[in-house]
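Student: Chains as they are written, first to last, in this note's numbering: chain A, 1 to 134; chain B, 1 to 525.
Source of the hints: derived by calculation from the structure; they are not laboratory data. The beta-carbon is built from N, C-alpha and C at its ideal position, and this holds for glycine as well. The hints are all genuine.
Below are the DSBU-like pairs computed for lysine-lysine, each with C-alpha atoms no more than 30 Å apart in a straight line: (1) B:Lys263 to B:Lys234; (2) A:Lys41 to B:Lys462; (3) A:Lys45 to B:Lys488; (4) B:Lys305 to B:Lys234; (5) B:Lys104 to B:Lys75; (6) B:Lys257 to B:Lys224; (7) B:Lys405 to B:Lys305; (8) B:Lys488 to A:Lys41; (9) A:Lys80 to A:Lys41.
Label pairs and their calculated CB-CB ranges: (10) B:Thr460 to A:Asn104: 43 to 51 Å; (11) A:Asn104 to B:Asn158: 55 to 63 Å; (12) B:Asp510 to A:Asn19: 27 to 35 Å; (13) B:Glu513 to A:Asn105: 35 to 43 Å; (14) B:Gln59 to A:Phe52: 54 to 62 Å; (15) B:Glu513 to A:Ser107: 38 to 46 Å.
Among the chain A residues that face chain B by a calculated CB cut under 8 Å, a handful are: (16) Ser12; (17) Ala13; (18) Phe14; (19) Ile24; (20) Thr26.
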Amino acid sequence: MQLMMANIPGVSAFPEEGNLLSWIATIHGPVGTVYDGFTYKLSMKFPLNYPFTAPTIRFETPMYHPNVDTAGNICLDILKEKWSAIYNVQTVLLSLQSLLGEPNNDSPLNGQAADMWSKPKEFREMVRQTWKEI
Amino acid sequence: MNSYKYARKQGTAIEDCVQHNESPMEQSYLEQYLCWGRDTLVPWLNKVLGSCSDITGNQIEYHIYQVFCNLRINKLFEIIVDFPNSEPALTELKVCVFETDRYKFLKASLNRIISRRLLHLGAQTSDIVSIFVSSIKCLNFLDPTADLLSSISMLIRNYLRTRPDSMRSVINILTGDAKDSDDMDLENSTISNTFSDILLRNGFKGKVLRDQQLPADITTTLVKIFDSPDVFIKEFQTLLGDRLISRSDYETDRELKNLELLKKHFSEAKLHQCEVMIKDLMDSKRINTNICNNMDPESRFVNMKVLSRLFWPQFTFEPQNHPPCVSRFLEKYDALYSKLKSMRSLRHLTNYGTVDLDLEFEDRTLSLTVTPAQASIIGFFDGKDTLSLSQLVNLSGKSAQSVEKLVSFWKSKGVLKQNMNATISVVERIDDEGALVEQEMTDVRGHEEVEQNVEAIPETVKMFRPFVQAMLGNLGSLPVDRIYTSLKAFGFTESQDKLRAYLDSLIEEDLLEAAGGNVYSLLKK
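Bound-form chain B, shown alone (with noise of 0.2 Å):
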């Protein structure tokens, strides 16, 4: 009796020890305290107990492992984050679990730590994918017949399949770094002698089952979340397209690199597509070299990347019309191609990619990188001065609605502005016409932005009218920030310039008052 107390002191001095060292998971202590209790304790009781010591080394040892054995497993989850900086402290949980046999233990407790501390709403889904993944290499390491793993890969996947993002997680962890995948084999890694012995000794089930079933691969785990691979692969194939098309340049190496990597665990009829995509890409560059070279050298500004209609997913086609100087261009690149690969055409996806703009003013230029819609609208003043809103929307072939859209682009970026006869002219110099824009921006009652904005207010800022009332009502006069970050708390998906162009909308209603600056309150009736 009288030893077992001793041992069960010596147990929880064992526990401060480790728990009062810094980092306690980047350092192995198992062996330097096995040591101790076997050099040192057991001698020790045996001396102070006498005859009526029944104490012997083997329980001490025991008791060291039970002890350590509940240290890391309480520490499990950080064990998990840490990995492979907590390596140290993941051999000595494993030895230690075989050791004393606690290995269901650790399979509850893991259980109960995941799905406290990981499976919350508070918890970013790329954050849970990641740790996922970096648990899924602890627990091949922990216990390579992935019975463990199973258990909590359920519990996981259930759980992501709630998510909606968790698809796009998943794709970026594979694909964003995917030297991920290449280092796990941990088999090599450096456990020391003493518990390689003991692992050996014990021949728990892992070893012997080690040839038949190899351990869990975390592409396979991952994509196993998901039903059906074929949902997985279209996803990705999205993903690709999506990052293919707004690369500037052609450069295809890493898409070419990830794709190779899923080539290892799906089929490769059911990549075919990505790889039509990525052959697209590079034949592009040929192409497109080809016709650069056959045009005169003023006239190529133009890459084009040309994609195979059915290998791609489905694009948006938006008409649009060109400013002379781009059409007579695409034109010629039209031709061109047509002769290089006959009986095909080409239909111009303007809607996406990106326009390099260097605008040239009487006093300034200016160097922009917009949308090619963004770009068509300035392009039509080019050698005009001044266009009419109507007369915008019949070149451009868009709605009035995003004419207006782009053209206020422009106006905040002190290029275009509106004259009083609702016509749209073209700021030349920055001094005096500059001047007039910002001021019409900063004066929160200039009456004609107040009448444009009353136009442009959706419905979805004048529903928070009753609010802001309520607000104003009860709490006095506010700056703008302060009701636009309570508002924000109720749902309100606006910009602030959109809150305060309304607040001033009020002001011409008669509800609300300017209290001087950025403040407003209700009006006193």
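The shape of chain A in the complex, shown without the other chains (with noise of 0.2 Å):
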């Protein structure tokens, strides 16, 4: 509720038709990085017992980063190990955000994205041609 009615930049969120635990959120691509321009679909399963537990998000348009792997799972520790009950929706998807421009390289779920890092240019192609409208 918080969320919606925030209306933050770069970031929203919204119920599914009928299931208050599923989610579809929208991360725009922040700017300056290499996804500068994409919009980004995101689905969010919360358990029953969130906030205590993480909810299950996944990018459902494809997707190119190192911590991202080809079915969308993301590996983010405020997601797994490092949850906790203050986090929300908001907070969730703005560290999602900032996890574009500022990849985890050293555990990556992409290990050909996290060679190509440092290259922008060819990053930004290979982005380019991932990102698929749904």
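Hints given; two lone chains; assemble the complex.
Tutor: Given below as structure tokens:
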């Protein structure tokens, strides 16, 4: 509710029809990164004991990123072992947005992308090729 | 030991029998099983176990009572809800409880059942009150000492006090079907001879105390929910006033009956005001007939209720000018009243009551029942075809906002229409003008309509802008009714039409686009 009313630029989320535990979120690529200009859709599934357990978040739009695998699964510590009940939809989406600009190349899910991170031009081209409207 | 086991088995069998029956609450079985136990089971056990049997008829009987007691207590809530259909079951329960001495168990289960099944957020206040009434009847029958009742009424009372609408529900129950409080007397109900013998033999404490402590009466118990009877009477008075005013005739029989019923429980002095209110209505009937007879026949179209200001709940007085035809009549009425009752004058509360209107147009007539304010707006168009909004404001003496609201009411009825130059005129012929009105209302992008709506959209709708944005941004394009249902889940209180108007205004702002028909989506930039 807070997020829906807050209207933060770049991220937004909304429950799917008839199911408050399943949301669809949108992240705009941060300006100045290789993702600038692209919009990504994510699905968020909340467990029944949320916020004591992290929601399951996946990229629905194909994503080329060192910490995202080809199925859209995300490797981010706060969604796994460092989850805390004080996080909410808004903070999680903002962390994901910042992850786009600052990937953790030490533990990549997509090794090719991690290697390519140092060459922004080629990387941007890959991002452009991967991105597909859904 | 063995015999006990047999008895246990029989107990289970009895339980199964009763549970498998379709409507076990409306019939009584206890007697049947007692006979069976005495005549079949005991001789059979004696035969099978031979000399080592130490079982007696009493033991079997006790066991049957026990099984029945458990069964009926498990179904206690259903018994209460179905009362008086469940009376046989209740009688059995009563007998069993006293035979097995399980009074405390009954009390504890009752409290548990009530707090678990009745006093929760999902139950409506009116249901709680009506089940309370039904349980008062049941428990008076079960236990005339009112000990059981007082324990649960404490629970229910404390709960009802937390609900804001409980007072209204109670008054509705009390006045709504007044016969409830009459059929309190259950003592003559059909308890079969065997059972009444048992009850007499046991001489349980209720019988002894019967004369000293009357069974609780429903009205008193309900009124006791609220701290003081004064609050209750005040609320009753307000409700009574509403009902009397909203009636278009002078019928008071029902209210009078309710009042007499209440008089049994409260002192007459407290209900004095209510009595005056009803008497006012009766007087009004006479005065009104009298005045109308003294008037010329064509102006006998208004009936008034003359209320004594001091005895009625506070009224809101809204100043308002009337169309000439009406005010002429009101003055005449005033004059005749002063003649009839010297030294008294009338103050017209024209924001109460209703008006039956017959509107005649060139091609059609309309019959409507509307509020006086709505009627007077249309009255100003008598003899004139077109008026501007500011003229209407001057004529009616109301604020521009409320005039606008009244005009839009008539627009929705297809009686008035807004012209290009912001004047308002009457739709005389439906075939050429009416089509236009309809088109204006359905064409969501009709320029005029939108422009008008932008002014009329309240802040409560605008608040939902980021919400709509987030929803359409994530879910793509959606039809209006989907948006509406989603917003409603988050506290959106306005109508769907208001939402549609707002969405249309967002299209004007280049935020949304209409993707055909009722479907809206975010404008891609």
